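Build out the structure end to end from the sequences listed, making use of the hints.
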Amino acid sequence: MTKTYFGTDGIRGRVGRSPITADFMLKLGWAAGRVFSRHGKSKILIGKDTRISGYMFESALEAGLSAAGVDILLLGPMPTPAIAYLTKTFRADAGIVISASHNPFFDNGIKFFSGEGTKLSDEMELAIEAELQQAMVTVESDHLGKARRVDDAGGRYVEYCKSTAPGLSLKGKKIVIDCAHGATYDVAPKVFSELGADITVIGNKPNGLNINEGVGSTSPKQLKQVVLESNADLGIAFDGDGDRVLMVDDQGELVDGDELLYIIARNRKENGGLNGGVVGTLMTNLGLERALEKLDIPLVRAKVGDRYVLELLSSHNWILGGENSGHLVCKDVSTTGDGIVSALQVLKALVAYDQSLYQAKSGMRKFPQEMINVQLPRKMDILAQPEVVSGVQAAEKELGSSGRVLLRPSGTEPVVRVMVEGEDPALVRKVCRHLAAQVENAIN
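Take any residue in the sequence shown, count from 1 to its spot, add 6: that is its number in our numbering.
No lab work stands behind these hints, which were simulated from the structure alone. Owing to the predicted nature of the structure, the values given are computational and were not obtained by experimental measurement. Be careful, since some hints might not be right.
Unchecked claim - Keeping only pairs whose Cα atoms sit at most 30 Å apart, straight-line, the calculated DSS-like set for lysine-lysine is: (1) Lys337 x Lys403; (2) Lys372 x Lys180; (3) Lys309 x Lys227; (4) Lys403 x Lys436; (5) Lys211 x Lys227; (6) Lys177 x Lys275; (7) Lys230 x Lys211; (8) Lys275 x Lys211; (9) Lys177 x Lys227; (10) Lys49 x Lys196.
Claimed, not checked - Beta-carbon label-pair distances, calculated as ranges: (11) Glu259 x Leu174: 36 to 46 Å; (12) Arg435 x Ser396: 13 to 23 Å; (13) Ser362 x Thr10: 43 to 53 Å; (14) Gln399 x Gly173: 31 to 41 Å; (15) Gly214 x Ser407: 30 to 40 Å; (16) His45 x Asn213: 19 to 29 Å; (17) Glu404 x Arg371: 15 to 25 Å; (18) Gln231 x Glu122: 16 to 26 Å; (19) Lys9 x Met142: 31 to 41 Å; (20) Glu235 x Gly22: 18 to 28 Å; (21) Glu235 x Arg97: 45 to 55 Å; (22) Met142 x Gly22: 14 to 24 Å; (23) Val156 x Ser407: 52 to 62 Å.
Where a beta carbon is used, it is the ideal one built from N, C-alpha and C, also for glycine.
Here is the structure:
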């Protein structure tokens with residue numbers, strides 16, 4: 007069966023347009039409640055980011071779950087990974103996150119976590135979609151679900167985050183934190199200040215409409231500026247729902263997910279805590295692969311998307327993986343990507359090395375990368391076109407062993423992404439543009 011609503015990371019779209027509507031969320035809550043209560047009375051957590059539409063969808067989901075006979079715990083604005091952690095801690099059957107991550111405020115979406123704090127299986131998502139096709143029936147009044155707010159959810163999560171880096175002291179560290187006016191606005195400053203850091207916080211004034219607007223991991227310009235102006239040791243940028251993290255070093259340079267992975271992997275390798283290799287994605291920079299080779303750490307590439315990274319980690323029984331976007335997974339301390347926890351793992355390595363972030367990242371040299379999005383006017387298997395196949399082969403031959411080529415149809419837009427990376431930036435640019443032109447010719 008194919009899914010109608012669930013994508014690679016839940017359900018997401020523009021508020022007010024199907025399926026991101028109040029009536030759909032009511033039915034979705036009911037359908038999920040039906041699935042999770044098949045074996046008796048169940049309990050489901052609901053958390054959200056700071057979008058104005060979160061209030062509407064929280065109420066709709068609550069009503070649907072109650073109609074299915076499910077009890078509800080309302081967490082309020084909390085990072086996505088906090089819901090994963092608290093779902094497991096409260097021994098709930100599932101957790102629901104109302105968020106569109108790094109998207110603007112007019113988008114929203116739904117993510118589910120299992121009782122183990124992991125993403126739902128395809129089977130569970132298909133079961134929920136099957137229930138969505140049924141007529142909604144409310145349980146008898148004496149079986150309706152009850153709802154209550156959890157007042158200490160933030161405090162529980164703060165303590166959990168600190169516990170993932172035992173013994174870490176940030177005394178003497180001057181850190182700028184960018185919360186993207188999102189779900190980390192309250193808990194992230196508490197975590198880093200309670201560990202002793204001297205913090206400056208930006209992006210911590212959410213008003214329902216400004217999430218990710220000019221701040222956060224997708225817009226780090228302001229963070230770079232504040233780090234330089236305040237002579238900070240580093241800056242930390244989260245996205246709207248707190249499952250991604252990027253950093254800025256004391257030189258004002260952005261440090262992406264690949265570089266952060268390198269720092270964590272190197273530290274884990276040296277202290278015996280790596281347990282195997284690292285999982286990246288098709289977009290992981292070749293520079294990370296080469297840097298890990300020098301440390302005798304294997305890298306395998308998953309499809310783009312955190313669920314695919316998690317799947318490969320599980321199949322290899324490894325603990326560390328992530329994407330260059332900053333979605334990092336440290337499976338020995340978290341069941342999913344967690345921006346705050348990942349930042350603490352990086353800081354733990356910096357303290358152990360007694361190095362600045364700028365110094366620690368220098369062991370990895372990023373390869374120049376060029377990417378061009380080519381519009382697809384119709385659905386087609388672009389990778390099967392003879393002209394494209396020969397173009398890729400010619401590009402790979404021209405780059406030799408010092409580069410690579412990737413053509414990837416987007417999962418969210420009608421485009422094919424043409425990506426080329428290698429040691430020579432001029433050659434990379436030339437090869438990418440020529441290949442993109444060949445792809446356009448094949449389409450037309």
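Query raised in the report: Any of the earlier hints contradicted here, and which numbers?
Result: 1, 8, 11, 14, 15, 16, 18, 19, 20
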